[in-house]
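Okay, here's what each chain looks like letter by letter:
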Amino acid sequence: MKVDPFSDGNSLWHRMDPRVKLLGTFLFALITSTGPSVGGDLFAFGWALLALLVARLRRRPVIIRLLAVNGVGLLFWCVLPFTVQGDPLGHIWGCSISRQGLLKAASISLKANAIALITIAWLCTSPLMDLIHGLARLKIHSKLVQIFFFSIRYVSVMRNEYVRMNRGLQMRCFRPGTNLHTYRTLAYLVGMLFVRSHDRSRRIYQAMLLRGFSGRFFVMDRFRMRRSDYVASAVIAICLVSEGALHWAKTMF
Amino acid sequence: MHISEGILPSGVLAAGALIAVGGVGIGLRKLTPEKIPEVALLSSTFFVASLIHLPVGPVSVHLVLNGLCGLFLGLAAFPAILVALALQALFFQYGGISVLGVNVAIMALPAVVTARIFRAWIRGSSDLLAWIAGCAVGALAVAMGALMVGVVLCLAGDSFREIALLAAGSHIPVMLVEGILTGFCVTFLRRVRPSLLGMIPSKLVLFFIIILGTVTAEAHRVNLFVWEDQGVLHAEGYFSSGSPCMDAEVHVRDSNGNLLVSGNTDPKGLFSCPLPGVGVWTVELLASMGHHAEASLEVRERPPSVSEPSVESSLPFENGTDSLELENRLRRVLREELYPLRETIHLSHKASNRPGVTEILGGIGIIVGLAGAYLWGISRSKI
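In the order they appear, the protein sequences are chains A and B. Heads up: the first sequence at position 76 corresponds to 75 in numbering that gives the first Met the number 0, and the numbers run straight through without jumps. Heads up: the second sequence at position 362 corresponds to 361 in numbering that gives the first Met the number 0, and the numbers run straight through without jumps.
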């Protein structure tokens, strides 16, 4: 399993400093998720779509991810128009559909899609190790960064372990069903997965000790802000400010 | 067990973020550098395990396993779950960045609490109890999480009540499957790798059992109780369990070691013989299987019992009862009356032969000391 399938490319976002991208994504998510106005959400969604187009990624994997996001959104479209009180627009089976409910559902979908798109466009376009280094440079707790580092490094390893064991099960004609045998077998598989990950972690730590690990993790990469980074940061800042203005302009003035 | 972006008001987001930051902070502070790779690999394993889908009737659910996470890591479950959820947000856009705090709180808080409650049973000696406790941890961690999802969604607004019910209710099959799975996982790990559950390594347990076994072994020994009454020697033999020593050989010797009388005890473990006079007498009891007990009895000069017959004759007894019969009757009555008292004495004797508090404390001290030495040896060999 490739953990960062979007990271190889050569777009404006791919070349950008990961620190800027991390900060930008965080602020964008914060403003978008808390903003009250639908106009602001629309702006955020448009901006995120634009950002995605700039990244020039393959369409298929992006669409698959967006489908996963909108599966939950569908639920809100089905429920909220009937439960939110407001001006009735029409009737289905005797239940009135309210304008406010539709707007609420639309707002939720727009927000979720905008944040997902920005995450893909900004965060997923950096190799994960660069993001980790960016986190370290942003003064996130060193232990947390180390946990991030190791778990990203070993996600694919553990997944391979699982795939291997699952293949072993299938070779022995294991067919999952709703019965105790299935649950017991999978429980043992999960247990074995944990045992192996634990053993591997012991070996990793011993290897680290062998190389003189003394509790401190050194980050080798030094990021340098280039002129293009400053330009991109300025563009992102303008976007964030204008989105915030759209959200809170009514309440402030 | 995710809440997606864009639903929750900023207050709820902030509260979730605060809980997550607090939990992660405490979890990280307790983390030694040695444990970091372990937490990280468990975190990636949780991420992988959440990709495993299980059939429940017509639908398929994916594992959460936050209860197990709490069992393995305790408070360090907070950073582990944070990392796993952040990876999910990055890889699949499940959850999201702004709701990360809320999602961490929803998954990690129940995990830590349920694991803390049921940990003792899971580490305990009974496999069945451990299985049940494992089921409880798995199911309750998901159930509490589902409840929190419901509460959080209700906080988003009144119109979300139906969705909250739906979201919480949809966790019921997950809860059942997760419970059964966690139970089996716990029994598996108890057999395969108890140290992962924080249990003492099995070698050490065996060592403890052997030591404790020798301490509590009960000695089956013979006790001999000797007394003198009216020039007659009485001896009673009983085992430390309190049962009488039947048909055992008894030898009575004087102070020079010359054999005076020998005989066998009756079914009640009693033996009596006339004593020729004052002196120190040694009584030896030889029960079966080499059980052996000895007791000595010193008979001193007593004031002559001359007046006794006259006292007896003056007693206002029925006609025709002579003094001998009266004495026998008295003796019988006295024996019956004193029987409970003797029983009590036997019991206290038995109790005093058992290991007392001091012996137990001493034994525990020995165990702890030996365990300390053992662990010291291990730690030396590791470095």
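Honestly, the hints are just simulated from the structure, not real lab data. A few of these clues could be false.
[Claimed, not checked] Examples of chain A residues lying across from chain B (beta carbon under 8 Å, computed): (1) 6; (2) 28; (3) 78; (4) 110; (5) 136; (6) 140; (7) 143; (8) 149; (9) 153; (10) 170; (11) 204.
[As the list claims (entries may be wrong)] Beyond 10 Å from chain A on every Cβ pair, some chain B residues (computed): (12) 64; (13) 123; (14) 135; (15) 160; (16) 181.
[Stated by the list, open to error] Restraint-style ranges between C-beta atoms, simulated for each label pair: (17) A/180 - B/112: 43 to 51 Å; (18) A/179 - B/157: 39 to 47 Å; (19) B/169 - A/168: 33 to 41 Å.
Positions of the beta carbon are idealized from the N, C-alpha and C atoms, including for glycine.
Structure-based check of all given hints:
Proximity of residue 6 of chain A to chain B is violated relative to the hint, the smallest CB-CB distance being about 11 Å (cut-off 8 Å). For residue 28 of chain A, the interface hint holds, since its Cβ comes within 8 Å of a Cβ in chain B; the closest pair sits about 4 Å apart. Using the Cβ-Cβ criterion of 8 Å, the hint placing residue 78 of chain A at the interface with chain B is satisfied: the shortest such distance is roughly 5 Å. About 3 Å separates the beta-carbon of residue 110 of chain A from the nearest beta-carbon of chain B, less than 8 Å, and the hint is met.
For residue 136 of chain A, the interface hint is violated, since its Cβ never comes within 8 Å of a Cβ in chain B; the closest pair sits about 17 Å apart. The beta carbon of residue 140 of chain A comes within 6 Å of a beta carbon in chain B, closer than 8 Å, and the hint placing it at the interface holds. Of the supplied interface hints, the one on residue 143 of chain A holds, with its beta-carbon coming within about 6 Å of a beta-carbon of chain B, less than 8 Å. This hint holds: residue 149 of chain A has a C-beta 3 Å from the nearest C-beta of chain B, less than the 8 Å allowed.
Checking residue 153 of chain A against chain B by beta carbon gives a least distance of about 5 Å; that is within 8 Å, so the hint holds. With a cut of 8 Å, the hint placing residue 170 of chain A at the interface with chain B is violated, because the nearest CB-to-CB distance is about 18 Å. Interface hint at residue 204 of chain A: satisfied, since its Cβ lies 5 Å from the closest Cβ of chain B, which is below the 8 Å cut-off. With a least CB separation of 7 Å from chain A, residue 64 of chain B falls inside the 10 Å interface cut-off, contrary to its annotation.
With 10 Å as the threshold on Cβ separation, the claim that residue 123 of chain B sits away from chain A holds: the shortest Cβ distance comes to roughly 18 Å. Consistency note on residue 135 of chain B: stated as away from chain A, and its beta-carbon is indeed over 10 Å from all of that chain's, at 15 Å minimum. At roughly 7 Å, the least C-beta separation between residue 160 of chain B and chain A is not larger than 10 Å, which violates its mark as non-interface. Interface exclusion of residue 181 of chain B from chain A breaks down, the closest Cβ pair being 8 Å apart, not more than 10 Å.
A C-beta distance of roughly 31 Å is found between residue 180 of chain A and residue 112 of chain B, which places it outside the suggested range of 43 to 51 Å. Taking the beta carbon of each, residue 179 of chain A and residue 157 of chain B are about 42 Å apart, inside 39 to 47 Å as hinted. Taken as a hint, the range 33 to 41 Å is violated for the pair residue 169 of chain B and residue 168 of chain A, whose Cβ atoms sit roughly 27 Å apart.
Consistency note: the structure conflicts with the earlier hints numbered 1, 5, 10, 12, 15, 16, 17, 19.
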